[in-house]
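A.B. asks: Sequence:
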Amino acid sequence: MTDAPNALGAYLRARRELITPESAGLTASGQRRVAGLRREEVALLAGISADYYLRLEQGRDRHPSVQVLESLARVLRLDEAAADYLLSLAAERPGRARRRPRRETVPAGIRKLLATLPLPAFAEGRYFDVLAVNPLATALSPLLVPGRNRLRDVFLDPAEQALYPGWETASRRLVAGFRQSVGADTGDPRLIELVGELSLASDRFRQLWARHDVQTREGAAVTLQHPQVGALTLNREKLAIGGTQGQLLVIYHPDAGTDAAEKLQLLASLSKTTFSYDAAGLTMT
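Residue 89 in full-length UniProt numbering sits at position 89 of the sequence shown, with consecutive numbering throughout.
Label pairs and their in silico Cβ distance ranges:
{"no.": "1", "residue 1": "21", "residue 2": "262", "range": "44 to 54 Å"}
{"no.": "2", "residue 1": "211", "residue 2": "269", "range": "40 to 50 Å"}
{"no.": "3", "residue 1": "211", "residue 2": "190", "range": "14 to 24 Å"}
Taking lysine-lysine and the BS3-like style, the derived pairs with C-alpha atoms no more than 30 Å apart in a straight line are:
{"no.": "4", "residue 1": "112", "residue 2": "238"}
{"no.": "5", "residue 1": "263", "residue 2": "238"}
{"no.": "6", "residue 1": "238", "residue 2": "272"}
{"no.": "7", "residue 1": "263", "residue 2": "112"}
{"no.": "8", "residue 1": "112", "residue 2": "272"}
What the hints contain is simulated information worked out from the structure, not anything from laboratory work. Here the structure is a predicted model, which is why all the values come from computation and not from measurement. We put the CB at the ideal spot given by N, CA and C, even for glycine.
Modelling step: build the complete structure from the supplied sequences, incorporating the hints.
C.D. replies: Following this line, the structure appears as C-alpha cells:
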C-alpha cells in the first residue's frame, strides 16, 4: 500500500534538503536546482542505488534494512535521537483500527507530589498538554494551568512568547521535542488536529515542522523574562512519569546562591507560597 502518509519519505527529503554538498564532503559544481543534496548524491554517499533511494522517498519501499537506515543517518548527519526516529519510521507496525486516544490522567501520587514541591512544577502530556500544576508554576507563567497546551501558547500567545528572550531557539527546541514525543504514529488524530491548527495559525510553527527536527525531551537551562521579577535563569528538569504513555514531570529549580534563587523566592512570596533555598537545600516556610 502506498496511499498512507509517507512519513519515512517526507523525513528523508526534509533532512536531505538541509545538508549542503560541502558539509557532506562533495564539491558543488554547476547550478543546483534543489536545496541541499541531490537524491543521487545521498545514494552515492550511503552506498545504495539512486533508484532504490528514490523508491524510499516516494514511499514505494517503506521498510529498508537497519544497515541502509544507519548509512542514511550518517549521510544526513543525524544525531542519536534523530537516527532513532528514522529507525522508528521504518519499523513494521501491525495494522489496527484507529481509535481516538484515551484521555491522559496524571497518577494520584504525582498530584500529591506537585502539591508539596516548593518549586515550580507541572505534569506535561504526550501532546504537550498541561495536565496538573502547582501554584508556583502558575506564578512563573499564568498559562501554566490544566487544560492549556504548551505548543499553542508558545506559538500563538504574545505574552507567553515574551517570557522567552531566546524565543527563536526555544520554539525550535519545542517543536523538535514534540516530534520526538509523538513518534512515528503520523495517523494519530490528535496529532493531525494539533499540527493542522498550528500550521494554519503560525508561519514559524509551519516552517519548523517542515524541517523534521527531532530532539529528546530532556532537561536544560532556560532563561525567562518575568514581568514581576525580571530575568531569571533556571534549570528545567523533565522526568518521565512511570505508568504513563509519555507524561513528564517538569520542575524548575535555581542554582543555590544565585540571583535567580532570590527572585524565585520573591515570586513565591508574591504567590503566597514561600520557601528558602540555600546550600542545605529547600525548606518550606
